[in-house]
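Chain A is already provided as a structure; the job is to place chain B on it using the hints.
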Amino acid sequence: MSAPELVTVTIDERSVQVPKGTGIVETAAAAGIEIPVFCYEPRLGAAVGACRMCLVEVEGMPPKPQAGCTLFAQDGMVVKTARTSEMARVAQNATLEFILVNHPLDCPVCDKGGECPLQDLTFRYGPGNTRMTFDKRTFEKPIPISPAISIDRERCILCYRCTRFSESVSEDNQLVAVNRGAQTMIATFEDEPYTGAFTGNVTELCPVGALLPTQPRFEIRPWEFQAVPSVCGLCPVGCNIDVDQREGKIKRILSRNHPEVDEGWLCDKGRFGFSHLYAEDRITDPLRRVRSRGLEEISWEDALDDAERLLREANGRIAVALSGSETTEDAYALAKLVRKGLGAHTAMLPEEIGGGLDAFRAPLSAIRDAELIVVLGEDPVVERAPIVDLWLRKARRAGAEIVEIGPAGDVQIAPGTTARACRKLKSGELGDRLRASERAILIWSGGGAGGGSHLAALATDLGFADKPGCGAFFLPETANGRGVAEAWAAASDDEGPEPEPLGLLIVSGDEAAANPNVRALAEQAERVLAITMFHSLAVGWADLVLPGTSYLEREGTYVNVEGRIQRLRRTAIPPAPDELAWIAQLASRFEVELSPSPSLVFAELSERVFGGVTYEDLGEEARLPDRVPLEAAPAESADEPVPAKAPGGTLQLLRYRPLFSGAAVERVPELQFQRPAPEIELSVKDAKRLGVRRGEPVSVRSNGTSVQLRAAINKRLKAGVARIADDHARDLHPTVEVSK
Amino acid sequence: MADVIVLANADERDLRQLAEYRAVGGYTQLERVRSLEPAAIIDELNTANLRGRGGAFFPSGRKMQFIPPKEQIPKPHYVCVNADESEPGTFKDREIMNRVPHRLIEGSLIAAHAIDSQHVFIYIRGEYLDAFETLRTALDDARGAGLFNGVTVVLHRGAGAYICGEESGLLESLEGKRGQARSRPPFPAASGLYASPTLINNVETIATIPKILELGGAEYAKIGAPPDSTGTRLFCLSGNVVKGGNYELPMGITIREVIYDLGGGIPDGRALKAVIPGGSSMPILTADQIDVPLEHDALRALDTFLGAAAVIVVDDRACMVQLGLRVAQFYMHESCGKCTPCREGTRWMVQLLEAIEAGDATHSQLDLLLDVCDRILGKCLCPLGDAAAMPVASYVVKFRDEFRAHVDQGGCPFGGESSLEGLFAPVDQHTHHPVAEVPA
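First to last, the sequence lines map onto chains A and B.
Counting in my numbering, the final residue of the first sequence is number 837, and the numbers go up one at a time with none missing.
Counting in my numbering, the final residue of the second sequence is number 875, and the numbers go up one at a time with none missing.
Take the hints with a grain of salt, since some may be wrong.
[Claimed, not checked] Restricting the straight-line Cα-Cα distance to at most 25 Å, the calculated cross-link-like pairs of lysine-lysine (DSS-like) are:
no. : chain 1 : residue 1 : chain 2 : residue 2
1   : B       : 612       : A       : 491
2   : A       : 812       : A       : 785
3   : A       : 491       : B       : 510
Because the hints were derived from the structure by calculation, they are not lab data.
Here chain A stands alone, though its shape is the one from the complex (with noise of 0.2 Å):
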């Protein structure tokens, strides 16, 4: 691309350079000079010009104040701001003054006071004192606009940010504006609950404390909390975050933008999920199985002592289940452990990645600028990684073809067959638009195994590697289930035979507890050592629990979709001690060295996954590491079986893991109301044929078991598939009967 044409603007008398058609406004901050705004905010799309708080002076224009966020630099435009013009000057206090009128200046117990726009824009542009005499406008307050979410529409000033988000970035059309003039007021469309993945942005795109989250309702104080920079844990895109706490703990989570990752926006799972932390059920000491009494809480000596029995008896009969939701360090610690200190070698991981796709690595961002995307699989990706959703609206919008092959895709593909759709794209004319593209970006989201290797294989083939603007994306099921997967590789080389009969099931984490295949596992165990933070994941099974920690908790890092590799930091104090300060105390009776630190630990694993890389050059907006070539054509896995074709009159069931689902999720009563609903999706030609209308109650079942739930038609689904939420298809078997 040639660079930019560069144009002099001259602003309060300081000349500046920027490229054409930059905004004012970030023409004005290159000058190092503020034009204040509310409503605009580039990330919702064109400016509105609705607040007129960026009234400037611009020569050669009408006399009067323009609005500074609609225009854009021109070579040897002369604009004023209220520094230098009066009419400016008057203009934007005007805009102040007309905004407080009616606003009922309740900033004392404003949960916004001390970080609010509007409070310091009236301190540095608006009027000292009102001339208002008369009674203000009041609104019903606060009204909930969901179970997470609070509206006060007293202290709205109509700066329409959170609509236009709504209309423009989620592109729900939930939030309205509903009455005219000064009457207005946001709404909710029929006033039914603001539903989605992505609504708590809004409260943080809320220039004024009129949308405020209703976690921490009144126990907002800005200056008293500390911000502490780290990334989220919920899923693999990895969105950076400060975590607000006070007196160690958490109130609540703001976006950090990172500009490749997510735009500084955050899914509601990602928001409000922290409250999981002081769930009634959490584990805070150690417990052990005794007969007949079920759990009792013991010592950590105790702990220790019982730890290193089990891990004795079993004699190497080891088994690992892995989450996928521990840091890197924690995983490397155990398997160190477990590998070098006790010759066991097998391991449940959350799932395999597939290598060769750093090959084709990009930021998250590049499929914002591609021009052709296509999404593979069976999964939605809102529900694995649910920013790649929003960059994929954002690409759309621009202009981008979006094709997605899936069971309910632009084409339409039986489940399991998602490994041959993607090796069919090495020809055909898709194929040779992606072959011919510099800017196209490949998607598998979900649908059996070894997907990353087909993708792989796949980019290979359409010469992305040679292409920076191409990308191909593996979206994981878990938040960093390859830096698990790198972490065990790394911590030795040796291989063991399977464990037979099994002595010893260590469960890591919460994700591996809930398995039910790992729960299947531990029923062929002699004995269960689990680490959770919940009581209700432990009981029944484990003979040994140890507390396990929250990603909020722990230092360590994570590695996200991207391969970029990002620090989790130490937000809240947790109730026990983290995970690696008592594996490197177990490890030290094995004689296994392992630093309780975690720097020193990935120090230590870097040296051999990561090129070297050390902690501090992380940073706190971690860069994606250069792509790796390949030296070989990349193993391509075989394709998982086909499931059989369903039988006449029955339908092939495809589960999908809700973002809205997990022990976090289930912990939070301000994301209750996001579950999915207990509905079973039904194509059209199916629910026709069944002779099923939306919203009416059907029977599902398979092999003796028997669910109900309401029917819902999607147009996009393929003929012959039905698709339920984890939460609800439970026990159903692969084929279904659907009957009314």
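Here is chain B on its own, set in the frame of chain A:
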């Protein structure tokens, strides 16, 4: 009357009938110009110096020239006819649509040809049921007669919002969105309806086009008050006058002539107090200023505008505070709520005027009212805020003593005697329930 253009022949014949309209030369201009280059039409309009009749007085030919060619923006081009006549005091477009609907249709189709457009939208005020029905019938007749030549014409009813008469609010509404003004640039000529090049004009402007082409631009430009105020206007005479109604007259006629020679003067021997020359949003003129000719430059010299040419006559019974309150209430009610000064300022104006009328205000609040008006003026997203601030400020300035008397006497000096009869209707009468059958 020699200089009747828009309503020509409408007194003698029922021009709602297609045959009657054709009998007076209707649609011959359309058929003639279809073989001409669009530039030829635009040249003719520029020669005529036709200006926008909706109130902004922008040169219509130049507006067409702003539409980029299809090679530059390869999207559909649109013509939008603004028939959402809502300014209190105006009722001219209604008369045009009721009496010469085919002239409007012919003008629209000519405009479409002039900008290489295949799509015309007519956005008609929801309350105008009679005009809607008339126009719908006329459209059916013209379509049936094969006059559209591939152009689609959509007649769209508004739902009762003044802001949808503002061009960008109209476009939002037409797209099915909330009626709110858009920030400009981009202007409709480059990115209007569905983000495509759009020509948007008032009914009267469009309905003038066929006659300009018939007469020739040069001939038309001789009518009225050249060089700027050429041609005729439909003056909407209302208020305290004997014979109110629409009068199509050449621009340049004085207010005095309109009120006394044509309108029959003030009823019941009362005295003239003031005149609003262009519609409720225009600054007021006092009784001693009525010798001003009704044309753009002369009115500008008196700090007011011809606007939509609605001449509203105010007699000596009217309390100017009450009149200001009624105007401010209207604009508060109609403010779309998008930009701050209009949304908050109009409400504050109403509160101040209520306090003044009730005798609860102080002298300093008269200055505050002027300052509030000043803080709205020129700072809003669209002209609606100005439309409230300009007239009310003019009432305070020109009738300062009357405002002061409200403060000094602790109430309205007119007592219960003031009457706004025949002037603007109170806001509660603006609310309406359109019941027309909506065409499929």
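Hint check results:
Among the hinted pairs, residue 612 of chain B with residue 491 of chain A is consistent with the structure: their alpha-carbon atoms are about 21 Å apart, no more than 25 Å. Of the supplied pair hints, the one linking residue 812 of chain A and residue 785 of chain A holds, its CA atoms being roughly 12 Å apart against a limit of 25 Å. A hinted pair counts as satisfied when its Cα atoms are at most 25 Å apart, and residue 491 of chain A with residue 510 of chain B qualifies at roughly 22 Å.
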